[in-house]
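Engineer: The chain contents come next:
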Amino acid sequence: MNPGFPHERKPGRSPQRQALTAIAAVALQFGKLLMESGASARQVEEIVADVSTGLGAKASELRVGYASLAVTVNRDDQTLTFMRKIGPPGVNQALYQHLWRSAARIRKGECSVAQASEEVNRVANSCSPHSAIVTSIAAGIACAAFGRLLDVDWSAIGPIFGASLLSQLVRRQLAHWRINAFLAVTIVAFIGSLLAGTGARWMGIQTVARDMVVSVLLLVPGVPAFNAQFDMLEGRPTLGSARAAVVAATLIFMTAGVWLAGGVLGVRP
Amino acid sequence: MNASPLALLGNALWGACASAGFAILLNVSFRGLPRCAAGGALALAVRTFALQVGFTLEAASFAAAFVVAAVVQFVPGSDLVSRDMIQVLSCIPMIPGGFAAKAIVGLFSITVQPSAAAANKALVPALVNSLRVIFTIGALGTGVAIPALLFRSHRPDSL
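Chains as they are written, first to last, in the numbering used here: chain P, 1 to 269; chain R, 1 to 159.
Read the hints as simulated data drawn from the structure, not as lab findings.
Note that CB positions come from ideal geometry on N, CA and C, so glycine has one too.
Just to be clear, a hint being listed does not mean it is correct.
Simulated restraints, written as ranges between beta carbons of each label pair [said to hold, decoys possible]:
| no. | chain 1 | residue 1 | chain 2 | residue 2 | range |
| --- | --- | --- | --- | --- | --- |
| 1 | P | Q115 | R | V128 | 54 to 62 Å |
| 2 | P | G65 | R | K121 | 40 to 48 Å |
| 3 | P | P237 | R | S4 | 39 to 47 Å |
| 4 | R | G138 | P | Q115 | 43 to 51 Å |
| 5 | P | L80 | R | I134 | 17 to 25 Å |
| 6 | R | N120 | P | A70 | 47 to 55 Å |
| 7 | P | L183 | R | N120 | 28 to 36 Å |
| 8 | R | N120 | P | N125 | 54 to 62 Å |
The task is simple: from the sequences and hints, build the whole structure.
Structural biologist: Below, the structure is given as structure tokens:
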């Protein structure tokens, strides 16, 4: 059970401290959602600082970790530090954009702490991803385009498109069931490459192995790979290394799925 | 890759499709898709041209990422999609995912070879693919980061 923030459990504290606690809580909620939407550490630091100072803190410092955030805020000779966990990392550009716009309003002093808290909760609940069919078609188109960039045969585009489309549907369902992210990657890679390989073989295409790999490129963690490098280049090697390790593990689990499918089909990717 | 304007246009088109497709997966709004597609097309056009004039894959990827990031820094900002996201989405079609899968499968296969000589033979392509992945991703990240690090500080209010 979530025990809540200290100000929720100890209402007897001084008004100044309660106000500062509320500011830290809202700033951390912004930071948490930003991390979960795929923002880089620099973006998270900038927006959390905007929110903190816009809500009345004199100064704020943020420590960004892979699985947690800690913020220190200061006002009226009072200083406090809060830490909170971050949920599973993902990428959600619409959520990031909404949070950025909200933070810009808060920075201008247009919101009270209560309004900012309400705003961040509203944004979190309103930014749902595109529909399953739209994302699945997009995944199919992206992988088919990847296929052409890797010189796969035109006749292989159909199996790649279909396999990627179905893989994305499975991926979304596994995420809905909260299956472990790495396990889900292996399952999706297995299904995608098996479908693409079977389709390509049935159509008599010669590049079965390549088609199997192309159909699962939707799983390559591109944004985390770039964020890992940006974080390291901007002076946060610990966070960058953690992200890079997750990228490497994701690629290994993805390859395991392709490898298993290759074993079933008797094809060496 | 063929050395022709047609190949360049074709790759630009497929780069645009891949970037736009990934943009939807990453929940970019529909109105933000043209920017992402344009970035992907520019990146693949530059990379294809660089490969045609004799650059290595790593150097061509660096050049493409650098050009896209530089252009993105100077086009007007939008609240539909952030500059950072446009840069990353433009470069995603250049991430060597196929090489990565080949490299890992190659490394898997080394341990099951029947002899040391066969293992040695399997080791070289696996290592070449692994290094190619590492250098290409490094080139992409560095190419994107340099213009952003140079010009970002002058635009504190931009996305």
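Engineer: Given the range 28 to 36 Å, decide if the beta-carbon distance of L183(P) to N120(R) lies inside it.
Structural biologist: Holds, since L183(P) and N120(R) (Cβ atoms, about 34 Å apart) stay within the stated range.
Engineer: The hint says 17 to 25 Å between L80(P) and I134(R); measuring C-beta to C-beta, is that right?
Structural biologist: Violated - the Cβ-Cβ distance for L80(P) and I134(R), about 43 Å, lies outside 17 to 25 Å.
Engineer: Cβ-Cβ distance between N120(R) and N125(P): within 54 to 62 Å?
Structural biologist: holds, 57 Å
Engineer: P237(P) and S4(R), beta-carbon distance inside 39 to 47 Å?
Structural biologist: At 44 Å between Cβs, range holds.
Engineer: Is the hinted range of 47 to 55 Å satisfied by the C-beta distance from N120(R) to A70(P)?
Structural biologist: At roughly 49 Å between Cβ atoms, A70(P) and N120(R) fall inside 47 to 55 Å, so the hint holds.
Engineer: Mind checking the hinted window 40 to 48 Å against the Cβ distance between G65(P) and K121(R)?
Structural biologist: For G65(P) and K121(R) the Cβ distance comes to about 43 Å; the hint holds.
Engineer: For the pair Q115(P) and V128(R), does the Cβ-Cβ distance stay inside 54 to 62 Å?
Structural biologist: holds, 57 Å
Engineer: 43 to 51 Å was suggested as the range; check whether the CB atoms of G138(R) and Q115(P) agree with it.
Structural biologist: holds, 44 Å
In the structure shown, a violation is registered for the earlier hint numbered 5 alone.
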